[in-house]
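Chemist: Protein sequence lines, in the order shown, are assigned to chains A and B. Each residue of the first sequence is one higher than the one before, starting from 1 at the first, in our numbering. Each residue of the second sequence is one higher than the one before, starting from 1 at the first, in our numbering.
Careful, some of the hints might be misleading.
Cβ-Cβ distance ranges computed for the label pairs, FRET-style [unchecked claim]:
id	chain 1	residue 1	chain 2	residue 2	range
1	B	PRO357	A	PHE390	58 to 66 angstroms
2	B	PRO36	A	LYS205	31 to 39 angstroms
3	A	VAL355	B	PHE390	54 to 62 angstroms
FYI, nobody ran anything at the bench for these hints, they're computed from the structure. These figures come from a predicted structure and were not determined experimentally. Don't be surprised by glycine CBs; every beta carbon is placed ideally from N, CA and C.
Protein chains: 2
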Amino acid sequence: MQNKSSLQKNNPVPHVVIVGGGFGGLYAAKAFGNKPVRVTLIDRRNFHLFQPLLYQVATGGLSPGDIASPLRAILSGYKNITVIHAEVRDILPGEKRLLLSDGEVDYDFLILATGVHHHYFGNDEWVKQAPGLKTVEDALEIRRRIFLAFEAAEREADAAEREAWMTFVVVGGGPTGVELAGALAELTRETLKKDFRFIHPPEAKIFLIEAIDRILPTFPVELSRKAEKSLQKLGVLVYTNTRLESLTGNRVTLIRGQESSELQTHTILWAAGVRASTTGEILSRKTGVALDRNGRVMVNPDLSLPNFPEIFVIGDLAHLKDQNGQLLPGIAPVAMQEGRYVVRCILGRLKQTSVAPFRYRDKGSLAVIGRNRAVASFRRVNLFGFPAWFAWLFVHIWYLIEFDNKLLVLLQWAWNYFTRKKGARLITGHPPFPRIKNPRQLT
Amino acid sequence: MQNKSSLQKNNPVPHVVIVGGGFGGLYAAKAFGNKPVRVTLIDRRNFHLFQPLLYQVATGGLSPGDIASPLRAILSGYKNITVIHAEVRDILPGEKRLLLSDGEVDYDFLILATGVHHHYFGNDEWVKQAPGLKTVEDALEIRRRIFLAFEAAEREADAAEREAWMTFVVVGGGPTGVELAGALAELTRETLKKDFRFIHPPEAKIFLIEAIDRILPTFPVELSRKAEKSLQKLGVLVYTNTRLESLTGNRVTLIRGQESSELQTHTILWAAGVRASTTGEILSRKTGVALDRNGRVMVNPDLSLPNFPEIFVIGDLAHLKDQNGQLLPGIAPVAMQEGRYVVRCILGRLKQTSVAPFRYRDKGSLAVIGRNRAVASFRRVNLFGFPAWFAWLFVHIWYLIEFDNKLLVLLQWAWNYFTRKKGARLITGHPPFPRIKNPRQLT
Numbered sequence: 001m002q003n004k005s006s007l008q009k010n011n012p013v014p015h016v017v018i019v020g021g022g023f024g025g026l027y028a029a030k031a032f033g034n035k036p037v038r039v040t041l042i043d044r045r046n047f048h049l050f051q052p053l054l055y056q057v058a059t060g061g062l063s064p065g066d067i068a069s070p071l072r073a074i075l076s077g078y079k080n081i082t083v084i085h086a087e088v089r090d091i092l093p094g095e096k097r098l099l100l101s102d103g104e105v106d107y108d109f110l111i112l113a114t115g116v117h118h119h120y121f122g123n124d125e126w127v128k129q130a131p132g133l134k135t136v137e138d139a140l141e142i143r144r145r146i147f148l149a150f151e152a153a154e155r156e157a158d159a160a161e162r163e164a165w166m167t168f169v170v171v172g173g174g175p176t177g178v179e180l181a182g183a184l185a186e187l188t189r190e191t192l193k194k195d196f197r198f199i200h201p202p203e204a205k206i207f208l209i210e211a212i213d214r215i216l217p218t219f220p221v222e223l224s225r226k227a228e229k230s231l232q233k234l235g236v237l238v239y240t241n242t243r244l245e246s247l248t249g250n251r252v253t254l255i256r257g258q259e260s261s262e263l264q265t266h267t268i269l270w271a272a273g274v275r276a277s278t279t280g281e282i283l284s285r286k287t288g289v290a291l292d293r294n295g296r297v298m299v300n301p302d303l304s305l306p307n308f309p310e311i312f313v314i315g316d317l318a319h320l321k322d323q324n325g326q327l328l329p330g331i332a333p334v335a336m337q338e339g340r341y342v343v344r345c346i347l348g349r350l351k352q353t354s355v356a357p358f359r360y361r362d363k364g365s366l367a368v369i370g371r372n373r374a375v376a377s378f379r380r381v382n383l384f385g386f387p388a389w390f391a392w393l394f395v396h397i398w399y400l401i402e403f404d405n406k407l408l409v410l411l412q413w414a415w416n417y418f419t420r421k422k423g424a425r426l427i428t429g430h431p432p433f434p435r436i437k438n439p440r441q442l443t
Numbered sequence: 001m002q003n004k005s006s007l008q009k010n011n012p013v014p015h016v017v018i019v020g021g022g023f024g025g026l027y028a029a030k031a032f033g034n035k036p037v038r039v040t041l042i043d044r045r046n047f048h049l050f051q052p053l054l055y056q057v058a059t060g061g062l063s064p065g066d067i068a069s070p071l072r073a074i075l076s077g078y079k080n081i082t083v084i085h086a087e088v089r090d091i092l093p094g095e096k097r098l099l100l101s102d103g104e105v106d107y108d109f110l111i112l113a114t115g116v117h118h119h120y121f122g123n124d125e126w127v128k129q130a131p132g133l134k135t136v137e138d139a140l141e142i143r144r145r146i147f148l149a150f151e152a153a154e155r156e157a158d159a160a161e162r163e164a165w166m167t168f169v170v171v172g173g174g175p176t177g178v179e180l181a182g183a184l185a186e187l188t189r190e191t192l193k194k195d196f197r198f199i200h201p202p203e204a205k206i207f208l209i210e211a212i213d214r215i216l217p218t219f220p221v222e223l224s225r226k227a228e229k230s231l232q233k234l235g236v237l238v239y240t241n242t243r244l245e246s247l248t249g250n251r252v253t254l255i256r257g258q259e260s261s262e263l264q265t266h267t268i269l270w271a272a273g274v275r276a277s278t279t280g281e282i283l284s285r286k287t288g289v290a291l292d293r294n295g296r297v298m299v300n301p302d303l304s305l306p307n308f309p310e311i312f313v314i315g316d317l318a319h320l321k322d323q324n325g326q327l328l329p330g331i332a333p334v335a336m337q338e339g340r341y342v343v344r345c346i347l348g349r350l351k352q353t354s355v356a357p358f359r360y361r362d363k364g365s366l367a368v369i370g371r372n373r374a375v376a377s378f379r380r381v382n383l384f385g386f387p388a389w390f391a392w393l394f395v396h397i398w399y400l401i402e403f404d405n406k407l408l409v410l411l412q413w414a415w416n417y418f419t420r421k422k423g424a425r426l427i428t429g430h431p432p433f434p435r436i437k438n439p440r441q442l443t
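Construct all of the structure, not just a fragment, from the sequences and the given hints.
Modeler: Right, dumping it as structure tokens:
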């Protein structure tokens with residue numbers, strides 16, 4: 001400890017440690033750029049992932065490199081920021097210290113922004129059969145399964161088995177599920193239309209399963225209805241009020257009210273539930289802070305912890321209500337605003353000035369449906385169809401460019417849109433081949 | 001057998017089976033497009049890989065999707081061509097049949113174009129320590145190792161160990177080795193220059209090891225010398241007349257004449273030897289055809305087999321000499337010309353017309369050194385430096401566009417060149433973290 005305080009004397013500038021380089025952590029780091037603090041950003045990955053476009057990687061429209069930017073490159077201009085590629089194993093709040101996968105790091109202020117991971121509601125055995133969409137690896141695994149399914153269908157001689165390969169079930173009607181189902185519909189109806197000789201990809205069945213009575217439940221009811229109609233027009237079979245009861249082999253059992261039905265499929269994609277990352281549990285154990293039932297940390301109105309004012313939690317990991325008592329949603333704009341807010345808060349404390357509690361400024365929500373339709377809900381306006389899609393495109397260009405000048409990514413993607421091409425539909429990873437029960441004889 | 005001949009009666013159009021969708025197989029398939037034959041193209045991958053740019057994926061300049069095109073998409077316009085995603089397990093030349101990973105396929109003509117894989121000259125245990133660069137997965141593994149090495153060096157407190165992380169050894173001075181070493185030099189000298197706080201990436205040591213007395217041995221001597229000087233100017237340590245003696249843990253032993261020296265490194269990249277794919281061995285066992293010492297198939301002047309005129313071997317898998325008695329090199333232009341030739345040959349036979357033996361038209365060789373230099377050897381002209389690089393760029397744009405309209409890929413890449421950015425330097429795959437012996441304490 002003596003060692004530490006002598007080091008602190010030599011380093012009078014306060015040390016802020018940020019864990020997690022998602023939207024919350026990265027925006028906090030950027031806001032600290034060239035400010036009178038030393039910042040260490042720790043992440044398990046060496047890149048920031050532009051998650052709103054991850055469904056495009058999963059469906060073969062973009063490559064991982066198109067939607068990821070190296071954290072070091074984004075922050076290289078700020079000499080007061082150090083990026084560390086490591087994993088946090090433990091938090092010692094009394095000593096203001098983190099234990100990493102290798103080594104340790106001491107902090108004066110700590111910002112936790114480690115986000116969420118998938119949650120299978122107690123059915124953890126589903127994880128292998130129904131991959132979720134959170135990481136680059138997730139997206140490549142989903143891509144592998146989607147494109148292998150068509151390869152298998154092309155080779156399979158048995159009609160029922162072929163239909164199972166051409167049946168896709170997306171579980172969860174939130175923005176990710178809607179965007180995945182819409183992209184799958186476009187892929188099968190347009191992109192792959194002429195690519196096979198023994199199957200007709202537009203005949204693929206795409207199910208979207210949602211437990212409550214409408215998809216996109218965080219949007220106005222009117223937009224939910226319009227989104228549902230749009231998906232149906234694209235050929236997606238939307239099942240609301242429907243729960244996934246079981247998953248055995250290739251058999252999916254669905255429950256709708258008293259009715260139960262079965263589907264045969266080889267491809268189930270999970271977009272239903274998330275749970276806060278384990279950092280929340282460590283924090284709760286070590287500081288006594290309460291967690292909500294999804295593992296999110298119950299923070300003060302300024303996003304700090306009740307007994308540890310130097311620890312902040314932001315983004316999807318934080319549980320905070322807005323002025324109307326509504327829980328703030330786990331979306332990028334909330335995380336970004338929270339990231340910037342804690343920077344103001346910490347810099348304010350260093351100057352002994354007080355900062356008002358965090359207040360979320362809702363700039364609206366957006367979700368894409370297929371190729372050139374979207375739903376958008378702004379404070380006073382709801383948009384739908386092409387105008388909403390255009391708003392969506394504009395917002396995404398704006399943020400992608402802010403990071404890494406990825407204008408060309410958007411250009412490339414626009415090109416794919418107009419030519420209906422999908423540039424990145426590679427099957428990589430293992431196993432390279434599906435198991436085909438009755439291979440078609442080729443003479 | 002009766003079944004088969006009745007099927008053949010119902011299908012009077014001859015069935016050509018092509019194995020391998022590289023430059024040879026794909027150009028053959030395209031040349032058969034809408035011709036009076038039925039074609040089945042079999043590949044283990046669902047995409048054609050533009051291998052000359054693979055070193056760009058390995059060094060974080062491009063994504064796999066940028067240099068790969070789905071075989072189905074390239075060939076979807078030709079109704080007489082079927083693409084099959086499968087692996088060939090055996091060849092039954094008497095029955096004109098292939099056994100696949102699943103199912104079988106009968107042929108009237110067979111074109112084998114399965115290429116080569118790495119070869120460690122009897123040191124197969126080196127494969128894990130020194131990955132080669134042939135597949136997308138190889139490139140991503142090399143990319144992972146390169147960028148993890150810098151992350152580890154940044155975290156490592158011990159100077160010697162840090163130097164080992166910042167030492168890169170490229171084995172093999174052919175075009176792939178030269179391009180890898182040049183790209184590594186650019187990466188460390190320019191792209192990563194400002195990204196770290198505890199290390200200075202331009203201090204990284206990059207060794208290029210070549211067993212004979214000059215790099216790029218298939219080029220004129222003058223260009224070898226110029227390429228060597230260019231690499232040295234970029235900071236690459238070029239060791240000719242040097243053999244890799246052993247590889248133990250992180251220790252590399254090199255032999256130069258009587259001298260032996262040792263290096264400590266965590267990153268060794270293999271660009272030294274290739275050997276024909278196992279299809280050659282199967283073919284030899286089943287047809288008695290001779291193989292050369294690298295496993296290549298000794299073909300007739302028309303690329304067919306001595307006793308099986310309906311079987312052709314093309315590309316890197318074929319051993320054929322030109323009119324001067326020189327072995328044709330394993331490069332894309334040879335494979336492409338051979339692919340087109342066998343199509344003429346087969347269509348000629350169907351029309352009972354004879355086709356002259358294959359003759360390679362040498363259009364020159366190209367290799368890139370770093371960011372905007374190259375060496376180019378055309379029939380009468382040798383180019384060097386920027387003009388050669390420009391020629392290189394033109395040739396690659398030409399072929400990339402021919403496949404998939406990838407003009408935007410080249411634009412993006414040009415953008416990276418001018419901004420010195422590297423857009424795809426993601427660490428993906430396992431393990432996600434290096435083992436750091438003495439982690440630096442961060443306070």
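Chemist: Confirm or reject each hint.
Modeler: Hint check results:
1. B/PRO357 - A/PHE390: 58 to 66 angstroms: 60 angstroms, holds
2. B/PRO36 - A/LYS205: 31 to 39 angstroms: 37 angstroms, holds
3. A/VAL355 - B/PHE390: 54 to 62 angstroms: 56 angstroms, holds
Checked against the numbered hints given earlier, the structure satisfies every one of them.
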